[in-house]
Every structure is written in structure tokens, then in C-alpha cells.
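For reference, the chains in residue letters:
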Amino acid sequence: MKLPAFFALGALVATAAVTASAQDTAGRGATSTQPRSGAALFQQQCGICHLEGGTGTFMLARRLGQDNALLTNRTNLTDAYLRVVVRQGQQSMPRFTRVELPDDDLELIIAYLVGNSRESRR
Amino acid sequence: MQLILPPDVTAARFDQAMAAFAGVVGRQWVLADDEDRETYLDIYAPGNEEAHAPSAAVAPASVEEIQALLRIANEFRIPLWPISRGKNMGYGGAAPAMPGTVVLDLGRMNRILDVNEKFGYCVVEPGVGFYDLHRHLSENQIPLWMSIPGNAWGSVMGNALDRGFSASPYGEHSNNICGLEVVLANGEIVRTATGAMANSATWPLFKFGFGPSWDQAFVQSNFGIVTKMGYWLMPEPASTLSMNMSLPNPEDLGWLIDILTPLRMSRVIDQNIGIASYMGSATVSSQRSEWYDGRDALPEQVVRAIMDKTGAGWWNFGIRLYGDPEANEAHRKIIEAAFRERTEQPFRITRWTRGEGASGAAENSPARGGAPSPSVLPLQIVNWHGGRGGHLGFSPILPPDGKLVLEQLQRTRARFTEFGVDYSGTFYASGRHVINVNLILYDRDDEDMTDRCRKLFDALVKDAAQHGYGEYRTHLSYMDAVADTFGFNDRALWRMNETVKDVLDPNGIIAPGKSGIWPKNYRSARP
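Each protein sequence line maps, in turn, to chains A and U.
Just so we're aligned, residue 0 is where the first sequence starts under numbering that gives the first Met the number 0, counting upward by one.
Just so we're aligned, residue 0 is where the second sequence starts under numbering that gives the first Met the number 0, counting upward by one.
Excised from the complex, chain A in its bound form:
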């Protein structure tokens, strides 16, 4: 049986040598094959709660009504509001650290959601 070279090397070498078998995980680790668009980042980072059927969507439906449950349908989102909610949490929504969601990625998500919001208002 042949195991990847990773297992036969010391740790210092291994971290540099894993590229053949390693996969950067989507989301936090950028990969050359995955565009860093606001839409893609929203899907990865926010989508687990804020797409159709997600727990965040349920909670927003209760608080703000069905029309405002999906973030991508909202017409009243602003940059500042989104920044505060993501970093400080909202009701039972946990806060996002800058490791989990770096500022650059957050700004792309905000631009995507606020852009959507503006489009919806037209």
C-alpha cells in the first residue's frame, strides 16, 4: 500500500509538500479555482443559515415577516447595519470573527447584499 508522501515526511517538510494531495477547503482558504465573488462567499459563509429553509431564514420570517425572511430579497440592508450584525451578532445569531470571515470577504458580501437591496428597490 502506498500512502501519500505527506505521511513519510517530517512536519516541516510536510506542510510544504502536501500540495499534491491537499485540498484547500472552500470558503476561508482561497483557491485558484474558486472566484472570490460576494455571491459565492454569501453562499458559503451565510448560506448555511440564510438560504431557503435555513435557520436564519426561519428566524427572520418570525421577526420581520415572510417577505423579509431571505436576505437576498431584502430592500433595506445597509453597509453599516450588516457590518454590525456580522461582527456583533443579532438575537441568537453568533458573531463572526475576522478569522472566520476576514474584512475583505465581509466587504464583498456586503456589496453583494446591498447591491441586491438597491436592485430590489428599483
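FYI, nobody ran anything at the bench for these hints, they're computed from the structure.
These numbers were taken from a predicted model, which means no experiment stands behind them.
It is possible that part of the hints are untrue.
Said to hold, decoys possible - Some, not all, of what chain A presents toward chain U, calculated at C-beta under 7 Å:
1. Gly46
2. Ile47
3. Cys48
4. Thr54
5. Thr56
6. Met58
7. Ala60
8. Leu69
9. Arg86
10. Ser91
11. Thr96
12. Arg97
Stated by the list, open to error - Listed next, the stretches of chain U that the computed footprint assigns to chain A, with coverage defined by at least 3 CB atoms under 8 Å from CB atoms of chain A:
13. 27-35
14. 91-105
For each residue, glycine too, the CB sits at the ideal point set by N, CA and C.
On the provided structure of chain A, position chain U as indicated by the hints.
Frame of chain A, contents of chain U only:
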């Protein structure tokens, strides 16, 4: 928020240490302003979040950076609290046990280093989440199944290292660990089991190595910082057969455990069976105000109304059989025969065969068939009361005896009623033991309710210990209390843990207070 420094560290020394950390990881990965510190607080804390406030966070990208950070931490006596993704919801989240500790956020170390389809394992770094690994397996059409906990937002490694579990054949997640890479407090890199061979050809294949086995010593532990983990995944079965049933009365739990235990021990059933009360579906699909507005625990007539409207039984459970269809059907007949001794009620049965919607379907689509998909929907429970919701889990281990389990249920329900808290329990029939997860849900804006929940928790820990039952896992605020219940021979095991801790980590750098294990320099800080 107020900055709490580590014990015996001056502001000037702390600033020097942060500057030195920045020299290793870069300034952007030393997170030390007010907002950054707040993001590491326990948002579901049963009380004051700042009881476990970190002084900062630092996020390395490699083993070498961890080694460099440890050198600095030892020099400046800065305690570090390693987290993988910090989603230990209900147990403290990303927050440290001892206030002032710096969070060592390993979320940037998020590579899936290997997935071996033939032998059913992966090797991952701390920051790899269940969603990440699931996406990797799906996109590459790798026929391996993950065992996924109820809240799938977290890290595969972090969950295994905290003894997370699920109801699947690979559901005891710490049991899936096969070989770890660990950085000790002195910076030395150790690999466990057969990974200790310089040219190991069997690291993720054989758990025990030669000599003492150390993998489990790094579980719920503060003896080192785990940086790589060999982890077993389940080969996709040829088919599954699911058998679901609901039972109408709380007393049904006793005979149910007595039927399931021998089936589980003989491996006719090869998974832990979660037996959830009516509250399981109610807390996910509704809010308390839709049912009742009293401040006491839900009365019996409201419980029955919930059951009537949601269609849930008092208890609800599912058995899933995995393997060749012929074997599954044979096991189904054995299980049905065992249940006929106590109930005429038939199981609701569904079947899945390999190839049915397994590939190409959306990640969370039911079309994926039997393959488990990650979800965070169970986090809905924190919204039961509205406001800023929170939850705690009180989870004692019980003997798998129907009479004893029923007695524990009755004691626990009486305590919930006494403190005016809605009972929400699940019993996991796991063969030689039962894990009894009791969810305590509260509105953090309601000080009286939160206070009653804390008192309930204290009472439950004492009640369980009196009967010889200890928790398998607990929230930061209760680690010392639960550790004290493991008190044979004047806490001999914890003295041994702390002896080992002092040898491996003489400056008490790594996770002081984790699982009630305090290094000698902070032992006086023990609450």
C-alpha cells in the same frame, strides 16, 4: 468591553507579547481590539459572557507559527486557548475557561490533507468544518459518508476532540480518531500511534501504535495543541433501511431502552439511537409563545397540545440499518419481532439504495438519499423563548437499564418543573451506556430565567453524581463542578491529570482550566 489581562501579566508585558505574536503571524492576525475580543465571547452564555472573556486572539497559519507563538507565550507567560472553529455551541463557543486567556484560533489551518477512498479515512487540519469536508466529498464524488452532529457548523477535529457524537455507525466521533499530530507546550511536535514512525505507512489505519496509546489523552484535554488528525469515514453502504416510530407516554422510555440495548450490543443495530421528546420538533418548528405564556414549566395539557398539533409522540426515534439489502431486511425482521413484544404499532419504513440521487443533487437536498448532509437547523432551539436565546446541555451517562433510565427521567423532569424550566430531553441508546442530553433553553435577556437555569444545572449535576452518573461533556462554567464528581480517592484522577499537565506544560500555557485541569501556576484561579 473591559480588557481582562492574563493573571500576573502587566499591560506593558501583554503589549510586548502581542507585538511579538504579530511578528510571527502578521499584524492582521493578532485580534486584540474590543470588537475582536467580543467575537470570541460565548454568545449563548448562561449569564455574564465576560466571565470567560479572552484578552485577544491570535491566528497562526502553520505548525511552525504555532511553535513560534508557544516560544513567545512561554517567555511572557501568556496562556493560550486553542480552538479549531470555535463553534462549541452550548459548551462555551470559542471562549476560554480562564478570563484573560488569549484564544489561539486555528481556523486558518483548514486543509484537507488527504482523503483515502479505499481505506475510508481522511487527514484534516483543525479549521476544516463539516461543510468543508462534505463539499469536498460531494464535489469529488468520493463514496465516503461523514458522521455529522446536530450543529454542523463546527470543525471535524474540534468536535471529535470534544467527544461530539451523532446517531450513525461512526457516531462516536472520538472513536474515529486514528493518529494525531500534536504540538506540545515546549514546541515539540509529536505524532501518536503509528504516526510516530518517521516513515509510517499505517498512520490513519491502526489506532494503537506501540506502547501507551495517547490519542484519547488529547481529547477534552489541555496537554497539547492538535494540528493534524487521522479520522475514519464510513464507506457508502449498498443500501439503508430506516425504521421510525413515535411512542405516546413518557413511561415508554423504560421498555424501549430494554429492547434496544441487546439489539445494539449484538450489533443488529449498529448505530446509537436518539430517542427525542416532543420538544425536539416543537423547539425547531415553533416558539414557546405560540403554546404557552406562563413562567412555569409547560403543563401537561400544553404538552399534549404540542403532540397533537405537531404529530410528535412523547418519544420519537429512528433506527437506520446500513449494508446489503438482504442483511438489512433480515435485521428489520429481528427488530420488528423484538418490538412486537411491547407494541402492535408498525414502524414507518423507508429504503434507500446506492445511486439514488447520490451525486449531482444539491448539498442539502433530500435527493442525496441516505448520505447525511450537514445542517444547522437544530440551532433553531435557541429561539424557543425569543430574545437573545441561549442553551446549555446537561448530559449524564447512564447504564442502559430501562428502570434506571426511567428513574433518571423522572428525577430530571421533577427538577425542571421545580425550577420552572421546560423539559427537553433526548436519550441516546448506545449499547453499554445511554447518553442523556437535556437541553436547557433560556432567554439571556431574562435574568430571572437564566438564573433559574443555572440553579437547575447545579442541582442536576449533584443529583446525577449521587446516583453515580457523570457528564460526558459540559459547558466551560461547569467544568470544575463536573470534574469534582469524578472524585474517587480524593480526586486521584484529576491529581494525575494535573501532574501530567505540570510536566508537559510547566508554565501552564495551553488551555488552563480545560476539563477542570489547572496547571500549578493557575490552580489558585480555580473557581
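Exercise. What hint numbers does the structure not satisfy?
Worked result: Hints 1, 5, 7, 8 contradicted; others consistent.
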